[in-house]
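Residue numbers (the UniProt record's numbering): 1 to 222.
Among the clues, some could well be false.
[To be verified] In silico EDC-like pairs for lysine to aspartate or glutamate, Cα to Cα no more than 20 angstroms straight-line:
1) Lys-167 / Glu-131
2) Lys-113 / Asp-60
3) Lys-152 / Asp-112
4) Lys-113 / Asp-41
5) Lys-76 / Glu-131
6) Lys-124 / Asp-108
7) Lys-163 / Asp-108
8) Lys-76 / Glu-3
9) Lys-124 / Asp-112
10) Lys-163 / Glu-192
11) Lys-124 / Asp-203
12) Lys-218 / Glu-165
13) Lys-84 / Asp-41
14) Lys-84 / Asp-112
15) Lys-30 / Asp-108
16) Lys-167 / Asp-203
17) Lys-116 / Asp-145
18) Lys-76 / Glu-165
19) Lys-218 / Asp-145
20) Lys-167 / Glu-192
21) Lys-72 / Asp-6
If you're looking for bench data, these hints aren't it; they were derived computationally from the structure.
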Amino acid sequence: MEEQIDNFNTIKTQQLKPQLQGKTESFLAKSLFLVSMGSNDYINNYLLPFSTKPSNYTPDAFSNLLIRNYHKQLMKLYEMGGRKFLVVGMGPLGCMPNQIANSGCRSDSCVDKTNKLAAQFNAKLKSTLNELNRSLRVPSFLYWDAYASTMKIINNHTYYGFKYEHKACCGLGNSKGQILCLPLLQCQNRSEYVFWDPFHPTDAFNAIVANQALTAFKKTFS
């Protein structure tokens, strides 16, 4: 995330300022900053089968480490001129086909232990954003509960037009969550699935949650 913010600062300095001619700060103050962090730190690090992180960090210590870094990066963006932030909480990681496949649990249920890690992270993130807002003259950070939104869709998937809530559209293995998509196995009926591959949701799912998040943002910052 630090590298992405550095890249944003470069764009701001080299492109936005010359184009906006003195109106950069007002432009950024009116812009929506969508920020999401943390999922890959768990999926591609802490939760990997042979990761050394769990032996070095308890779940509580690891989430504290991530939140401290998150706080620092959010303040960098604020100091660069951002004033309207939609900060996306972590989704239920234990509902990813990859986590279900590797857990040995039933293929039709999420991994509770993994979901608890996401819930712990989210509680600390929400608390951090509340603290940031109290320290500012005008609150700037809106927390979006991606965990609750995703669980609502999974638990009521047929209502939202999905047939498969735990199995990936494209992949191999249990829940199609053990091997990533291959060129000859592309899924044609992706709108029937919550998940596209072992890790990522489909565009049909993203369209639903994006609309929900944007509605919440407009209500807060209108």
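Each hint tested on the structure:
About 38 angstroms separates the Cα atoms of Lys-167 and Glu-131, which puts this hinted pair outside 20 angstroms; it is violated. Simply put, Lys-113 and Asp-60 have alpha-carbon atoms about 13 angstroms apart, close enough for the 20 angstroms limit, and the pair holds. The straight-line distance between the Cα atoms of Lys-152 and Asp-112 is roughly 16 angstroms, inside the 20 angstroms bound, and the hint therefore holds. For a cut-off of 20 angstroms, the pair hint linking Lys-113 to Asp-41 stands: about 16 angstroms separates their Cα positions.
Proximity of Lys-76 to Glu-131 is assessed by CA-CA distance (about 16 angstroms); at most 20 angstroms being required, the pair is judged to hold. This hinted pair does not check out: Lys-124 and Asp-108 have alpha carbons roughly 29 angstroms apart, beyond 20 angstroms. Among the hinted pairs, Lys-163 with Asp-108 is consistent with the structure: their alpha-carbon atoms are about 12 angstroms apart, no more than 20 angstroms. Distance restraint check for Lys-76 and Glu-3: the Cα-Cα separation of roughly 12 angstroms lies within the 20 angstroms cut-off, and the hinted pair is therefore satisfied.
Taken as a hint, the Lys-124 and Asp-112 pair is honoured in the structure, with Cα atoms around 19 angstroms apart against an allowance of 20 angstroms. For the hint linking Lys-163 to Glu-192, the alpha-carbon distance of about 5 angstroms falls within 20 angstroms, and the restraint holds. At roughly 29 angstroms between alpha-carbon atoms, Lys-124 and Asp-203 are farther apart than 20 angstroms, so this suggested pair is violated. With a CA separation close to 29 angstroms, the supplied pair Lys-218 and Glu-165 exceeds the 20 angstroms bound.
Taken as a hint, the Lys-84 and Asp-41 pair is broken in the structure, with Cα atoms around 25 angstroms apart against an allowance of 20 angstroms. For the given pair, Lys-84 sits about 33 angstroms from Asp-112 by alpha-carbon distance, which is inconsistent with the 20 angstroms threshold. A hinted pair counts as satisfied when its Cα atoms are at most 20 angstroms apart, and Lys-30 with Asp-108 does not qualify at roughly 43 angstroms. Of the supplied pair hints, the one linking Lys-167 and Asp-203 holds, its CA atoms being roughly 15 angstroms apart against a limit of 20 angstroms.
A distance of roughly 15 angstroms separates the Cα atoms of Lys-116 and Asp-145; the hinted pair therefore holds under the 20 angstroms criterion. About 37 angstroms separates the Cα atoms of Lys-76 and Glu-165, which puts this hinted pair outside 20 angstroms; it is violated. In summary, the hint linking Lys-218 to Asp-145 is supported, as the alpha carbons are separated by about 15 angstroms, within the 20 angstroms threshold. With a CA separation close to 10 angstroms, the supplied pair Lys-167 and Glu-192 stays within the 20 angstroms bound.
Taking the CA atoms of Lys-72 and Asp-6, the gap is near 13 angstroms; set against the 20 angstroms cutoff, the hint holds.
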